Structures are given as C-alpha cells and as structure tokens.
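Q: Listed here are the chains, written in short residue letters.
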Amino acid sequence: MTAAPKIKMTGVKKAFGPKVVLDGFDLEVLPRESVVIMGGSGSGKSVALKCILGLVTPDDGHIEIDGVEVTNLSRKDREAVNAKIGMLFQNAALFDSLSVWENIAFGLIQGRKMARDKARDIAHEKLAQVGMGADVGALSPAELSGGMRKRVGLARAIAGDPDIIFFDEPTTGLDPIMGHVIDDLIVKCVREVGATALSITHDMASARRISDRMAMLFKGKNIWQGPTSSVDESGNDHVDQFINGRADGPIQMEVFKP
Amino acid sequence: MKEKRNLLRRIGAAFLRFLEGAGKLTVFALRATSHCFRPPLYPRLIGQQMVDIGYYSLPVVGMTTLFAGMVLALQSYTGFARFSAESAIPNVVVLSITRELGPVLAGLMIAGRIGAAMAAEVGTMRVTEQIDALNTLATNPFKYLVAPRLIAGVTMMPLLVLVGDVIGVFGGYIVSVYKLGFNASAYIQNTWEFLEFQDVASGLVKAAVFGYLVALMGCYHGYQSRGGAQGVGAATTNAVVSASILILISNYIITEIYFAQ
Ligand SMILES: Nc1ncnc2c1ncn2[C@@H]1O[C@H](COP(=O)(O)OP(=O)(O)OP(=O)(O)O)[C@@H](O)[C@H]1O
Ligand SMILES: [Mg+2]
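So the sequences go chain by chain: A and B.
Here our numbering is used: the first residue of the first sequence is 1, the next is one more, and so on.
Here our numbering is used: the first residue of the second sequence is 1001, the next is one more, and so on.
Here chain A stands alone, though its shape is the one from the complex:
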C-alpha cells in the first residue's frame, strides 16, 4: 500500500507535570483502514486520540491529517478538521441538558445547520443501527444505562458520516451479543461508508473483528504494529503477553503487594 496516510503521528510527546504519558509515539493510519491501539490501562491511549483531536496539546512531535499539520491550527481551521472526525468518548460524554436524539443530531443541527425535523429522522435511523428504538430518542441521557449511553455516544459519533472515526472502547460495558452488533457496525462504517477508523479496545475478540491492523502502546511508544492476522506471531513478548492476558511477562502492572 502506498496511499498517503490519513493520520500520521510522528514523535508525539505529552507529559502531565512529571508524568510522561506519550514519549515519541508514532502511528500511521491509511485511508479506509481500521486500526486498533492496544495497551495497558493508563498507558495513554485516550490521550493519543485527544492529541489528534486537538483536545490535548502535545509537548512535541507532529500530527498530520490528510497531509496537513494539525498541531498548531487556528481555532477556525481546527473546527474544519474536527468536522470530518467523529469521536466516541470512553465515558460517552453525552450532553445531559439535551435529549438523546438531540445529542445524536447535535453535529448535524449545530455544525451543518440541518433542519431539526430532518436531523431527527437521521438520529432515529442511527439509533436503530445501534439497537435502540425511537422511544429512547425522547429520553434524557441520565435515564439510560451505561451500555445504552455508550451506544448513543456511538450513534452521535457516526451521525455525520465522518471521514475519520475514533472509538474509545466501543464495546466496554455491553453484553457479548450487543458487542458483536457494534463490531459489525464499525466494520460496516469502514467497509461500506469508507471511513477510516482508529479504535481503542481491551476486548481482544472485538479487536480482531474490527481491525485491519493493530498497534501496541507501551511506555509512551508504539512498540509493535502489524496486520491483525499476524498478531499471534508478532514475536514481541509484550504483545504476546497482552493478547493472552497473562499476569507475568515483560509488562509489569504496578500492583502493590502487601
């Protein structure tokens, strides 16, 4: 594949005070590709996504989207870039002052100035795709269960048919069947709609289903990446330990034993 990368991160660094989270992180995502980032809890996966979105400003390094450097964009250009990205936040981050359908239609109504009636129809359509009926649309986010909130967040992320979609743990908190449905939806977004997807997940079965390629974030760096089919023969101890979920190996979880 020689296509220009859709997203390109080179040497991205980010520290919060003394705590170094990203330490020269590199990643390339090609157009219409689905990439999953693996990595331990607290290793900085969410921070990496937020860097691409401009919600967190990296201390150093470059991030390009469609070949355009985005680390020092003006407010207006940033809005234009973000308009083609959809993001599912780890905790859904639904607007609790708005109803469910207004949440899903938010980008359409505010960003694209679509008429409310039309936006509502699209919202209900997306709601159906994540397995919820139109009756849920009128509820407020506070009335939803955790898994329902996640799915509404997902519907909001894909409502504008974005070019690039970020999924921060799309299937956490869902039952296995619904998890499967969501995986299929993600695959559909990539295969049929032609979006580029960058996901974070701890669920290895789901990761295998949705990704073309995987990358492993460890100690702030991308220590391994390769096609999903080769993840079992990565030859990397860290990856082996991670995908098999073994407690002992090169990755030492910081657990304090009494």
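Keep in mind the hints are simulated off the structure, nothing from the lab.
Simulated pairs of lysine-lysine, DSSO-like, Cα-Cα distance not exceeding 30 Å:
1) A:K118 x B:K1143
2) A:K13 x A:K219
3) A:K13 x A:K221
4) B:K1143 x A:K76
5) B:K1024 x A:K76
6) A:K113 x B:K1143
7) B:K1024 x A:K13
8) A:K13 x A:K84
9) B:K1024 x A:K19
10) A:K8 x A:K84
11) A:K76 x A:K113
12) B:K1143 x A:K84
Calculated from the model, a selection of chain A residues having no Cβ within reach of chain B, i.e. all distances over 10 Å:
13) D184
14) E233
15) R246
Everything numeric in this text was worked out from a predicted model, so none of it was measured.
For each residue, glycine too, the CB sits at the ideal point set by N, CA and C.
Given the coordinates of chain A, assemble chain B with the ligands onto it according to the supplied hints.
A: Leaving out everything else, chain B with the ligands in the frame of chain A:
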C-alpha cells in the same frame, strides 16, 4: 535570614500565581466577550438563559429589595426624627435603593443563584468531557456555552434591578404610610420630586456590569475546573466568592466615576 528568604519566596510565588490567574481571566474575558458580537449566535440558548436569570430570579430579588426598602424607611426614620427631618425619608429611600441597594443586593443574590449554577453546570460539562465533545462536534464552547450566558447576564440584570427598584421603593412606602403615618400621596410626590434620571441610570449601568461579572465568573471557574465532583464544588465556591468581591469593588469604582461628574 533563611526564613526571611523563604517568606519572600512564598510571597513572590503567590504574587506570580495571582498575575497568572489575572492574565488567564483577562484572556478568557476578551475571548468570551468577542464571541458575543460575532455570529453565529444561538438565540434558543440565549433565550433559555434570559428566562433563567430574568424571570426565575424575580422572587429572590423582589424579596431582597422589598425588605431592604422597608428597613431603610424604619432606620432613616430613627435617625431623621432626631432633627425633625422626617420628610427626607422618601428621598433617602428612593436614592439608596436606585443608586446602591437595588443593584448591589440584586447582584449579590444573583451571584449566589446564577453564578453558582453556571459554574456547576459548565464545570460538570468540563469534567465529564462534554466540553471536549462540543469541540469534536465542531462547535465552539465559547459561543455555545459562554456567550449566551454573558449576553443574558448583561441584558437581564438591568431589567431585574429596575423591577427590584420599584419593589424596594414600594417597601419603603408601605412602612412609611402604614407604620410611620406618612400621607400616601405626599410620600409618592416626594419620591418623584427629587429623583433624577441619573440616579436610576447609574444603578442600571451597575446592574449590567454586575450581570456581566457574575456570568463571567461562573463560566470562567466552571470552564477551568478539574478533577471530578470536588473540582466542580471548588469552582462553584470560587465563582460566588469572586463574583461577590468583584461586584463590591466595581460598585465603588462606578460610584466614584458618577460622583466625579
Ligand atoms: N488531563 C489530564 N491531566 C493529568 N493527567 C492526565 C490527564 N489525562 C490523562 N492523564 C494521565 O495520562 C495517563 C494516560 O491516560 P489515558 O486516559 O490516555 O489512559 P488509557 O490508556 O486510555 O487508559 P484506559 O485504558 O484505562 O482508558 C494516565 O496515567 C492519566 O493519569
Ligand atoms: Mg482511555
């Protein structure tokens, strides 16, 4: 010697922190204010905020100024009766209410009611990543969250204070007529006779400034809040305290400006 140097260092650090905070606030205020004048504006959201500030605060502000007017009549009677100047009471009541007590008391009440609510709401949106979500949906949080609140604060506070002024003067009237035995029509005439446009206008200018300050502090502290429920709680407290202090300081400054004329 060493202790002295430590003390100096701490004072220096505190001073620098203060300057940093003041700088941050100034940038925030300029950015937020500039968004009030640049489209797109959100009429729906501005309307919502206006109803919240203007309409739902009426009972609180009305009660406050009513009792302020009443107690003012009583107290000035005590003072003025000593040198038989009771006839000045209507005048004292209307001047104090329109120039000072109306705007300041309403401002402080609004700081508690609206400033706290704004800080809590914006702060919760910050810590639950809703503000980040706004950004990813290509919506500027300054335009969507801050500007409507500032616009509503600046426009509704004068209206609120105007109503409060009327109620406050009415409070003075009730006490004077029904308790102190004033003649009703003479009281009203006295009230009108010495009242100048300037008195009311200066009070309304103050009200607009206070409305701006309350909304600004609510949004600023909410926007800056970090770290969960505790952070939001601290933001709420800071918003109310800083808005109240700024109201009192700016009240003096505006009075001084009008006084000099
Ligand atoms: N705004 C912030 N301020 C300070 N530290 C932060 C901030 N955001 C993240 N961190 C720190 O950065 C590290 C990485 O956080 P991040 O949310 O990216 O983890 P993650 O890889 O997504 O983990 P998980 O799988 O549990 O979601 C954490 O140790 C966290 O403490
Ligand atoms: Mg995360």
